[in-house]
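*Asks:* Just so you know, the protein sequences line up as chains A and B, in that order. Here the working numbering is used: position 68 in the first sequence is 68, and no number is missing along the way. Here the working numbering is used: position 373 in the second sequence is 373, and no number is missing along the way.
By construction, these hints were calculated from the structure, which means they are not laboratory data. For each residue, glycine too, the CB sits at the ideal point set by N, CA and C. A few of these clues could be false.
To be verified - Just so you have them, the derived chain B footprint on chain A, three or more residues with Cβ under 8 Å: (1) 32 to 41; (2) 53 to 63; (3) 94 to 102; (4) 111 to 121.
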Amino acid sequence: MTLPRGLTRRDFFMKLGILFNGIAASILAVPIVRYLLSPVTRERKAGYDSWIPLGNLEQFPSGETRLATYRNPVVNSWDGDTADIACWVRNVDGQTFQVFAINCAHLGCPVRWFPQSGLFMCPCHGGAYYQDGSRASGPPERGLFEYTYRIDGGKILIKAGEMPTPGQASNIVREIRPCV
Amino acid sequence: MRLIKSVGEWLDARLQLGSSIRETMEHPVPRETASWFYVFGSAAFVVFLLQIVTGIMLALIYVPSAGEAWNSLQTLNHNVALGWFIRGLHGWGSNFMVAIVLIHMVQVFLFGAYKYPRELTWIVGVLLLLVTLGMAFTGQVLRFDQDAYWGLGIGASIASRVPLVGPSIVNLMLGGPIIAGATLSRFFALHVFVVPGLLIAFVAVHLLMVLKLGINEWPMPGRVVRKATYIKDYHALTQKDGLPFVPGAIWKDLFFAAFILLSIAACAAYFGPFGPSGPPDPTIIQTAPRPDFFFLWLYAVLSLLPPSMETPALLIGPVVVILALLLLPFLFGEGEKSWRRRPIAVLTILLVAVALGTFTRLAGNAPWSPVMDAWSGVPIPPEFLHSRTALERQGALVFQVKQCHNCHSLDNQGGKRGPALDAVAVRLTQDQLIRQVIQGGGNMPAYGKNLSPAETTALVAFLETLHPAGQSPARDASRAVALGTEAGGPPTTDQ
């Protein structure tokens with residue numbers, strides 16, 4: 001075997017050894033990276049969302065907005081209370097509903113409903129929304145996040161499972177309403 | 001004594017570290033650097049050691065599980081002997097460490113220490129600032145309470161705004177679709193393994209370079225840094241007017257470090273540990289999350305930026321700031337070191353300090369947040385109700401019931417989100433008041449749908465009484481002419 005000039009047998013074996021370690025590192029990197037990315041890739045195919053019952057329709061009287069809670073569908077036994085998620089259910093007219101995420105569309109703080117003034121107010125940065133979830137004032141660029149709902153067997157169900165955030169694909173429809 | 005000496009000799013015969021340690025200790029430093037201005041770096045290091053020790057002690061009890069973390073903090077506070085004090089030391093140590101790192105940074109910036117040949121020392125220092133802030137943020141998450149939970153939500157909402165990969169970053173950050181067990185576990189791994197590992201590595205490189213390159217000499221106006229001559233000049237300075245680091249300079253470091261440790265202990269003993277606040281149950285929405293002290297300025301910025309500026313500012317701002325810090329030694333690697341000859345440097349520090357201080361102070365009382373319980377909990381001061389008509393008092397009732405008080409103050413009580421209304425009648429005429437209430441505008445929601453004509457009439461009648469004694473309310477002169485009456489009569493409801 002002819003070796004390039006200046007490359008001794010020992011140099012060659014050292015470089016071969018480095019190459020072997022490079023190959024080993026690349027092979028190990030595949031499962032490590034897949035493990036690290038599992039929150040993104042694992043359940044993406046099916047999506048995190050599923051249909052969750054919020055309760056009987058009688059709990060949500062017509063014309064009123066009430067707080068509902070549900071247990072998140074993707075859950076571990078050690079999640080404790082953090083897997084209990086709240087949302088606002090608005091019974092518009094006995095027929096149609098709106099279900100709003102608890103998270104402000106600005107930076108995710110919990111909005112509170114004030115029936116007297118018909119506003120949702122956020123305690124963090126001062127966002128406010130009208131009763132139909134549209135933006136009333138403050139830093140949010142859009143209205144409240146809304147869950148898809150359906151009525152089944154006298155119960156209201158929503159499609160949920162992932163914390164809504166401003167950049168999420170399902171939420172990118174921006175509704176910038178100027179303050180009138 | 002002889003035993004200690006012989007054990008020492010036995011060890012050194014094998015370790016062979018003695019001579020290099022002695023050399024390091026006795027290396028000459030410029031005389032003027034044995035100064036109280038040069039103690040912050042070593043103090044930050046000592047506080048970091050305290051954080052390691054107290055962190056390990058907390059890890060003996062703390063449970064990094066979303067379901068149990070809060071309970072284990074309660075146990076530390078109440079059921080473990082002096083657990084509250086160790087938590088206090090770790091929490092106050094964190095605040096002191098961020099503060100000292102910032103002071104150290106300001107000092108080396110004003111003393112021109114980032115200039116040739118210490119560019120890399122500065123860059124590693126910038127990385128140390130970032131990992132220190134990373135420790136502060138991840139540590140705030142491990143105090144797994146309401147503030148931590150909603151703080152994570154804010155972090156996720158910011159991360160989600162990154163174009164294209166935002167939602168994936170959120171899943172990666174939370175370890176799943178929601179803030180839950182996986183989120184706390186990964187922040188525990190970051191706070192306890194990853195970030196401290198980086199911190200130790202960076203500190204080692206930082207210290208090594210300080211020893212190899214020598215401590216920055218005291219800057220003298222007119223003593224200009226030139227790459228061609230600096231190293232020779234520095235060595236001449238340490239030869240001519242140097243003194244050994246130990247004990248010449250180190251005694252001030254030791255005094256200051258002890259003073260800081262005692263201050264942390266005093267704060268921990270007097271003020272106690274931080275929280276935890278309410279349990280991390282997202283169905284408890286009666287909460288007003290606030291970040292820890294060193295992130296308060298960010299909270300203010302997020303409230304005050306115009307909505308359209310927010311995403312660009314959040315995503316581009318940090319990159320610009322970090323890049324500017326990293327590029328600083330390359331752009332200004334030579335020249336004057338003394339702050340007396342660098343007015344722009346001094347003004348930059350003043351500007352940044354005043355800005356951060358103002359934002360932090362503003363965030364302390366958060367005037368942009370509605371006072372969520374002012375409508376039910378903060379009464380209208382009696383002087384606003386004295387000798388008022390029934391209609392005006394009815395209007396005061398509407399003011400409370402419709403939560404106007406959450407955003408508007410009377411006699412400095414109530415929300416500060418909107419303007420104070422003590423003298424609103426001087427600013428707005430009756431028609432303007434009606435229009436503002438019904439249509440909103442200027443960051444005020446429209447109340448048209450939620451006020452009956454009678455309620456609007458009463459409310460505006462009350463608002464019209466809000467003017468200082470002796471100062472008459474604003475009037476629309478043309479209206480008086482049109483109606484053929486004196487303005488200021490009962491408001492009309494034909495809006």
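*Asks:* All hints, please: hold or fail.
*Replies:* Checked hints:
1. 32 to 41: Satisfied; 4 residues make the cut.
2. 53 to 63: As far as the region 53 to 63 of chain A goes, the hint is violated, because 0 residues have Cβ atoms under 8 Å from chain B.
3. 94 to 102: Since three or more residues must qualify, the claim that chain B covers the region 94 to 102 of chain A is violated, with 1 doing so at under 8 Å.
4. 111 to 121: Since three or more residues must qualify, the claim that chain B covers the region 111 to 121 of chain A holds, with 8 doing so at under 8 Å.
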